[in-house]
Amino acid sequence: MEKKMKICFDKNIGTVLYFVEGGSTEFTLLKIIYGKLLHYDYVEKRRNSPAKFINNQCGHSQVYVINTKESNINDISEIDYLDQICEYLINHYGLDLDNAAKFYLFDRDNQSNTDIKRIERYLSILAEPYGDDTEFEKGGLLLFSYPSIESFVLSNFREDTYKYTFKLGSDLKTFIGLPENQREVQFNKISQETLLHAGNEFLKYLKNIGVDFDLDTLSEMNSAIFCEEETYFAENQKYQAFSELILSLFYLGILE
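Counting with my numbering, you get residues 16 to 271 for the letters of the sequence shown.
Hints may contain errors.
If you anchor each label on the Cβ, the simulated ranges turn out as follows [unchecked claim]:
(1) His-107 x Leu-218: 34 to 44 angstroms
(2) Lys-67 x Tyr-96: 15 to 25 angstroms
(3) Glu-199 x Ser-39: 13 to 23 angstroms
(4) Arg-198 x Ser-238: 17 to 27 angstroms
(5) Ser-92 x Ser-234: 12 to 22 angstroms
(6) Gly-38 x Asn-203: 12 to 22 angstroms
(7) Glu-135 x Cys-23: 16 to 26 angstroms
Derived DSS-like pairs (lysine-lysine); straight-line CA-CA distance at most 25 angstroms [as the list claims (entries may be wrong)]:
(8) Lys-253 x Lys-182
(9) Lys-188 x Lys-204
(10) Lys-67 x Lys-182
These aren't lab readings, by the way, just hints derived from the structure by calculation. Ideal Cβ positions, reconstructed from N, Cα and C, are used throughout, including at glycine.
Using the sequences provided together with the hints, build the complete structure.
Have a look at this one:
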């Protein structure tokens, strides 16, 4: 039986900042969640594009989404580039960087982000949304999607999402694009109800791998998920479809 869950629409989340690698899908999803469903103020800055602002007149909660320099986890450490973008958002859109919850949203695709040692180091360093870090200055929490962010989309519509397995993000995208899936699994069908479904799918996955859901031990939970997925890939040459994007909604108190 699914745990009962609710969306807290009046939650004051302050300033939230997502650093994302993808140039399209992550922006679309975060705009749907925060701009359309939750009605928070939303600012996005994509690579080589002007910033865009959705003003929902929600002065106590603002969500900012910006690209890293390139689509690679190595670019988390491109501090000068991210500093430049953040300074622009501070000056033009009032980004409160010092008090922001920060999330780094990346895909764990075995053919793109391939440096396991680097990933493990980033997981240990980027372990808390409000945390400061001397290496990356901004700190924050690293969130992975296995093998890609489309796992989050799938979790909105399918039961036991983790039982769907894929080697590459492109394989998952092809699966979602099949005619028999395309009718159901659509971005524009993401709703309050499907978001709750995705939350329950997240908890089901944790239960399946024997990991307790505990927001006080984010780093340990994150590392346990990574080890599980890497072990599964080593044995099966595929990842279990799973996205940690929903973890940020739990952390912020939007899902309760």
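Going down the list of hints, with the structure as the test:
Our hint of 34 to 44 angstroms for His-107 and Leu-218 holds, since their Cβ atoms are close to 39 angstroms apart. Our hint of 15 to 25 angstroms for Lys-67 and Tyr-96 holds, since their Cβ atoms are close to 19 angstroms apart. One distance hint, 13 to 23 angstroms for the beta-carbon pair Glu-199 and Ser-39, holds here, with the actual separation near 21 angstroms. Roughly 38 angstroms separates the CB atoms of Arg-198 and Ser-238, a value that falls outside the hinted 17 to 27 angstroms.
For the hinted restraint 12 to 22 angstroms between Ser-92 and Ser-234, the CB-CB distance of approximately 19 angstroms keeps it satisfied. Our hint of 12 to 22 angstroms for Gly-38 and Asn-203 holds, since their Cβ atoms are close to 19 angstroms apart. Checked against the hint of 16 to 26 angstroms, the pair Glu-135 and Cys-23 fails, with Cβ atoms roughly 33 angstroms apart. The suggested pairing of Lys-253 with Lys-182 holds, with an alpha-carbon distance near 4 angstroms, which does not exceed 25 angstroms.
With a C-alpha separation of about 17 angstroms, the suggested pair Lys-188 and Lys-204 falls inside the 25 angstroms cut-off, and the hint holds. With a CA separation close to 34 angstroms, the supplied pair Lys-67 and Lys-182 exceeds the 25 angstroms bound.
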